[in-house]
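Visitor: Protein chains in written order, with my numbering: chain A, 31 to 258; chain B, 2 to 307.
Since the hints were made in silico from the structure, they are not lab data. Please note: incorrect hints may appear among the correct ones.
To be verified - Just so you have them, the derived chain B footprint on chain A, three or more residues with Cβ under 8 Å:
| id | segment |
| --- | --- |
| 1 | 102 to 110 |
| 2 | 119 to 130 |
| 3 | 135 to 148 |
Note that the coordinates shown come from a computational prediction; the quantities given were computed from them, not determined experimentally. For glycine and all other residues, C-beta sits at the position ideal for the given N, C-alpha and C.
What follows is each chain in one-letter form.
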Amino acid sequence: MIDMQGVYKKYPNGVTALNGVDVTIEQGEFVYIVGPSGAGKSTFIKLIFREVKPTNGKVVVNNVNLQKVKEKRIPHIRRDIGVVYQDFKLLPKLTVFENIAFALEVIEETPKNIRRRVMEVLDLVGLKNKARFIPDELSGGEQQRVSIARAIVNHPKLVIADEPTGNLDPDTSWGIMNILEEINARGTTIIMATHSKEIVNTVKKRVIAIEGGLIVRDEHRGEYGYEV
Amino acid sequence: MTNTEVNTVMKFRTFKRHFKVGLKNIWRNGWMTVASIGAVTTTLILVGSFLALMMNLNQVAKNLEEDVEIKTFIELTASQEEVDALEDQIKAMPEVSSVTFSSKEEELNNLIESMGEEGSSLELFEQDNPLNDVYVVKTEDPLETVNVANKINKLDSVFKVNYGEEVVQKLFTFNKYSRNIGLVLIIGLVFTAIFLISNTIKLTIMARRKEIGIMKLVGATNSFIRWPFFVEGLLLGVLGTVIPITVVIAGYYYLDKNVNDLITMNFVELLPFNPFAWQLSLLILAIGAFIGVWGSVMSVRKFLKV
Ligand SMILES: Nc1ncnc2c1ncn2[C@@H]1O[C@H](COP(=O)(O)OP(=O)(O)O)[C@@H](O)[C@H]1O
Ligand SMILES: [Mg+2]
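Assemble the whole structure, with the sequences as input and the hints as a guide.
Guide: Structure follows, in structure tokens:
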């Protein structure tokens, strides 16, 4: 599903965020990316949906080599990947319904299917009664659930999340984790960068630890491994 | 099912979606919308009035040009054969559109008529007419007048030619410059309007810059993002033509009713209200739509590189 070989990323300001990363992630896996701030976790995640391009090395996602792909194809590749951000990245003027529907409008779904699938996914994240709200009228946890709903509404094979619980209180975080586990149980690959020791140590999954732009540890059913 | 298929043709429902979103954005942008429409309105009132003036002046100029004719005075001593030969020679010139013979009797009558009361004193000459027979020559293109007159002047049996040299030259030069200057002014105005509207829309897009970034991360193509802006610009432009068209139609109607009576010179005549006012309205509508679309699409272009 994801194959990275010898990936380097140097930002224009001279910072080397990734310094030779080799990793393979299979379809259906649930993977935590852990490591101190500035280790390169976000950069690693952004490479997967081509928000950043590697300076060097090979990145293959869903059998598409991202180095060789034409710029025009990028939007189409992104539609097969659901992305969840720490800051939600919802469109502020659109309602919850419209935000989620947007991901289906870009693939030109019929309005009827859009309505059905958005309501389905709102049911899954428990926000059916908030469909007509705008993001500002929701709590952080609710906004994050909207952004997860948007990420999965199109049934992508891969969902990546960059510190999805970073801004949320523990109770809300567990709610988000439940949703992600449920999606994973349906066969979706999940890659999640996180700082939460509790989550990593409780919901045991594969753990990839990054430090200074290198993978320093890669264990199945791993531990968080850092003191908080 | 795969979502990565590249669809090049937009589905009709997507077109409807873009139209709805564009309409909503106009509503949501509130006073920015008002400002954009205001910019288009102001410019188009100027452009419209100017176009009306230009097109009328152009018509006057054209009338004047068409009145230009070359009078070829035939030698008194020319024989009938020579007169006929002259006609053939003039008709053979490719620039010439018509040649009309006017005898010296007709010429005298014209002269007497054109002088009114005083003309009666000329009736004395009817017995001993001092005038020449004349060929009145018209050219296909009035601008060829000078050229043709010079050529005719060189022919045999021609006493002299007369086409009001000085006036004609000045008229043509004037017409040429005023047309070019008018065109430049109109183009200048249109581009000023595009600049104004694209600046106003740019302000609303600045605020939406982050949103455009998010849309692209969710998998929107550039054209998917651009279309609602296209619709928005088109509607802004068209809404901006409402007042100018009203002004032009009402104003022209008023002029048409009142001014024609005041102007007595027969070559100065307003273009008729129907169809001119409608044609002008259509032109304003087209310019407005163009300004709106161009201004909007130009300003969104910069923000699409995410
Ligand atoms: N857009 C950017 N431009 C320049 N440097 C960046 C950019 N994004 C991240 N970095 C730098 O790259 C390094 C890794 O950042 P990041 O991948 O965000 O780490 P993490 O998510 O693990 O905190 C940091 O030193 C950060 O300052
Ligand atoms: Mg980060």
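Visitor: Compare the structure with each hint and give your call.
Guide: Against the structure, the hints:
no., hint, verdict
1, 102 to 110, "holds (count 8)"
2, 119 to 130, "holds (count 5)"
3, 135 to 148, "holds (count 6)"
When the structure is compared with the earlier hints, no violation turns up for any of them.
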